[in-house]
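A.B. asks: Chain order of the listed sequences is A and B. At position 59 of the first sequence the residue is numbered 58 (numbering that gives the first Met the number 0), and the sequence of numbers has no breaks. At position 54 of the second sequence the residue is numbered 53 (numbering that gives the first Met the number 0), and the sequence of numbers has no breaks.
Possibly wrong hints are sitting among the right ones.
Covered, in the sense of this in silico footprint (three residues per stretch, anywhere, with C-beta under 8 Å from a C-beta of chain A), are these stretches of chain B [stated by the list, open to error]:
1) 11 to 19
2) 54 to 61
3) 116 to 127
4) 132 to 142
Quick list of the computed label-pair ranges, beta carbon to beta carbon [said to hold, decoys possible]:
5) B:Asn36 <-> A:Gln136: 35 to 43 Å
6) B:Pro87 <-> A:Gly107: 33 to 41 Å
7) B:Pro87 <-> A:Glu129: 34 to 42 Å
8) A:Ile52 <-> B:Lys56: 42 to 50 Å
9) A:Gly119 <-> B:Asn36: 19 to 27 Å
10) B:Arg12 <-> A:Phe72: 28 to 36 Å
11) B:Asn36 <-> A:Gly49: 35 to 43 Å
12) B:Asp46 <-> A:Thr53: 18 to 26 Å
13) A:Ser71 <-> B:Asp134: 32 to 40 Å
14) B:Asp94 <-> A:Arg156: 20 to 28 Å
15) A:Phe72 <-> B:Asp94: 57 to 65 Å
16) B:Gly74 <-> A:Phe50: 50 to 58 Å
Not the full set, but computed from the structure, chain B residues with beta-carbon under 7 Å of chain A [stated by the list, open to error]:
17) Leu33
18) Cys35
19) Leu47
20) Pro48
21) Asp72
22) Gly74
23) Leu145
24) Met146
It should be emphasised that the hints constitute simulated quantities derived from the structure, not laboratory data. All values derive from a computational prediction rather than experimental measurement. Glycine residues also receive a C-beta, built at the ideal position from the N, C-alpha and C atoms.
This is what each chain is made of:
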Amino acid sequence: MSRSALSASALGAELAALRGAGAAVRSAAIDPFVPFRPRRKRSKPAREVGFNITPMIDMTFLLLTFYILASSFEQSEGVLASRMPRSGAVASVALPISPVVVRVQQVGVGPNDFSVAIEGAPQRPASFEELTGLLRQIQQKPGFDSETPVVIQADQRVRWDHIVNVWNSAVRARFRNIAFSEE
Amino acid sequence: MPRTITQKRRQERVGFIMTPMIDMVFLLITFFTLVCNFEAAEKIHLDLPKPDVSEAKRLEEKNRVVINCEMADPGRPTSTGALYRIGPNLPESLDVISARLAAAKAANPQLKVVIRADRRLPFSAVREVMRVVADNRIEIMNLAALMRPER
Numbered sequence: 000m001s002r003s004a005l006s007a008s009a010l011g012a013e014l015a016a017l018r019g020a021g022a023a024v025r026s027a028a029i030d031p032f033v034p035f036r037p038r039r040k041r042s043k044p045a046r047e048v049g050f051n052i053t054p055m056i057d058m059t060f061l062l063l064t065f066y067i068l069a070s071s072f073e074q075s076e077g078v079l080a081s082r083m084p085r086s087g088a089v090a091s092v093a094l095p096i097s098p099v100v101v102r103v104q105q106v107g108v109g110p111n112d113f114s115v116a117i118e119g120a121p122q123r124p125a126s127f128e129e130l131t132g133l134l135r136q137i138q139q140k141p142g143f144d145s146e147t148p149v150v151i152q153a154d155q156r157v158r159w160d161h162i163v164n165v166w167n168s169a170v171r172a173r174f175r176n177i178a179f180s181e182e
Numbered sequence: 000m001p002r003t004i005t006q007k008r009r010q011e012r013v014g015f016i017m018t019p020m021i022d023m024v025f026l027l028i029t030f031f032t033l034v035c036n037f038e039a040a041e042k043i044h045l046d047l048p049k050p051d052v053s054e055a056k057r058l059e060e061k062n063r064v065v066i067n068c069e070m071a072d073p074g075r076p077t078s079t080g081a082l083y084r085i086g087p088n089l090p091e092s093l094d095v096i097s098a099r100l101a102a103a104k105a106a107n108p109q110l111k112v113v114i115r116a117d118r119r120l121p122f123s124a125v126r127e128v129m130r131v132v133a134d135n136r137i138e139i140m141n142l143a144a145l146m147r148p149e150r
């Protein structure tokens with residue numbers, strides 16, 4: 000098909016369209032109650048712009064689950080420090096100055112049947128609080144200071160809890176050299 | 000043509016408001032992050048001594064060996080038997096523990112020992128470990144106890 004023939008057919012189509020439009024305008028002009036509505040330009044469908052929070056929530060829940068499973072609300076633990084004699088085995092080193100000796104003895108069968116006494120002290124402490132007080136008083140006496148050794152002589156049957164309490168009392172009384180010795 | 004009620008309902012968006020949930024989740028994560036402190040795996044669960052007003056301090060985790068002493072029969076609190084283990088290892092005899100301590104001391108002369116013993120054990124059971132520590136000429140021995148609750 001030639002180029003002139005193509006343009007002729009396109010022209011014909013345009014003319015037909017114009018005729019149709021003219022008829023519509025005429026009908027509008029005849030009926031005054033039909034409002035004129037301009038053709039709206041078809042807009043592109045609106046894209047939703049958003050923030051994809053699904054991976055963030057996944058990670059957040061993962062972290063939360065981890066922390067809930069991993070955490071435990073227990074009282075935290077620490078250590079009471081002590082230094083062993085530099086040479087040889089336990090209690091084989093002669094003490095340079097007279098130490099404060101604290102005796103812990105089992106006096107019954109029950110786990111809490113024990114007694115604590117400080118060698119040379121007139122009174123027996125009834126509690127660990129009192130023991131701390133007595134040790135502090137001893138430290139104030141002439142010839143004693145925080146470097147004075149405190150030796151804990153404990154009965155083998157006494158519960159470890161009580162021994163640590165005695166040790167803790169000596170630390171609270173600000174004694175620095177605390178040691179165990181054989182009874 | 001007017002739309003029916005069903006058509007209108009179909010077009011209504013049914014959603015789930017996640018904002019309060021995310022707020023709560025972040026709040027919980029912040030709480031757990033602040034509250035959590037992670038314990039070393041070498042600390043097995045033990046009923047540690049609880050001093051009245053504890054002077055126990057936190058110990059840094061380097062150059063240390065933890066020896067755990069647990070009750071051989073926790074069902075019988077009066078039993079005096081103990082099991083000894085280095086960290087989370089299986090229970091071993093004190094001779095094996097002594098050999099391990101000697102090797103560790105040879106590798107690191109600054110070695111510290113932490114004795115973690117069940118509070119219900121008799122002193123004799125813990126004393127055996129102390130003897131092993133002293134025999135290996137390890138100078139610093141720490142006794143594990145619960146710390147004072149933080150206020």
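A.B. asks: Mind checking the hinted window 57 to 65 Å against the Cβ distance between Phe72 of chain A and Asp94 of chain B?
C.D. replies: About 39 Å separates the Cβ atoms of Phe72 of chain A and Asp94 of chain B, which means 57 to 65 Å is violated.
A.B. asks: For the pair Arg12 of chain B and Phe72 of chain A, does the Cβ-Cβ distance stay inside 28 to 36 Å?
C.D. replies: 43 Å, violated
A.B. asks: How does the region 54 to 61 of chain B fare against chain A when you require at least three residues with a CB closer than 8 Å, holds or violated?
C.D. replies: With 5 residues closer than 8 Å to chain A, the region 54 to 61 of chain B meets the three-residue bar; holds.
A.B. asks: For the hint on Leu145 of chain B, just tell me whether its beta-carbon gets within less than 7 Å of chain A.
C.D. replies: At about 5 Å, which falls below the 7 Å cut-off, the nearest Cβ of chain A leaves the hint on Leu145 of chain B intact, so it holds.
A.B. asks: Within 20 to 28 Å: is that where the Cβ-Cβ distance between Asp94 of chain B and Arg156 of chain A falls?
C.D. replies: With a Cβ separation near 24 Å, Asp94 of chain B and Arg156 of chain A satisfy 20 to 28 Å, so the hint holds.
A.B. asks: Does Asp72 of chain B pass the interface hint, meaning its C-beta sits closer than 7 Å to a C-beta of chain A?
C.D. replies: 15 Å, violated
A.B. asks: At a threshold of 7 Å, is the proposed contact between Cys35 of chain B and chain A supported by beta-carbon distances?
C.D. replies: 5 Å, holds
A.B. asks: So does Ile52 of chain A sit 42 to 50 Å from Lys56 of chain B, Cβ to Cβ?
C.D. replies: 45 Å, holds
A.B. asks: Is 35 to 43 Å right for how far apart the beta carbons of Asn36 of chain B and Gln136 of chain A are?
C.D. replies: Between Asn36 of chain B and Gln136 of chain A, where Cβ atoms are some 38 Å apart, the hint holds.
A.B. asks: A range of 34 to 42 Å was offered for this pair. Does it hold for the Cβ distance of Pro87 of chain B and Glu129 of chain A?
C.D. replies: 39 Å, holds
A.B. asks: Check the following: the C-beta atoms of Asp46 of chain B and Thr53 of chain A are separated by a distance inside 18 to 26 Å.
C.D. replies: 45 Å, violated
A.B. asks: Quick check on a hinted range of 19 to 27 Å for Gly119 of chain A and Asn36 of chain B, using CB atoms only.
C.D. replies: 44 Å, violated
When each numbered hint is compared with the structure, violations occur for hints 1, 9, 10, 12, 15, 17, 21 and 22.
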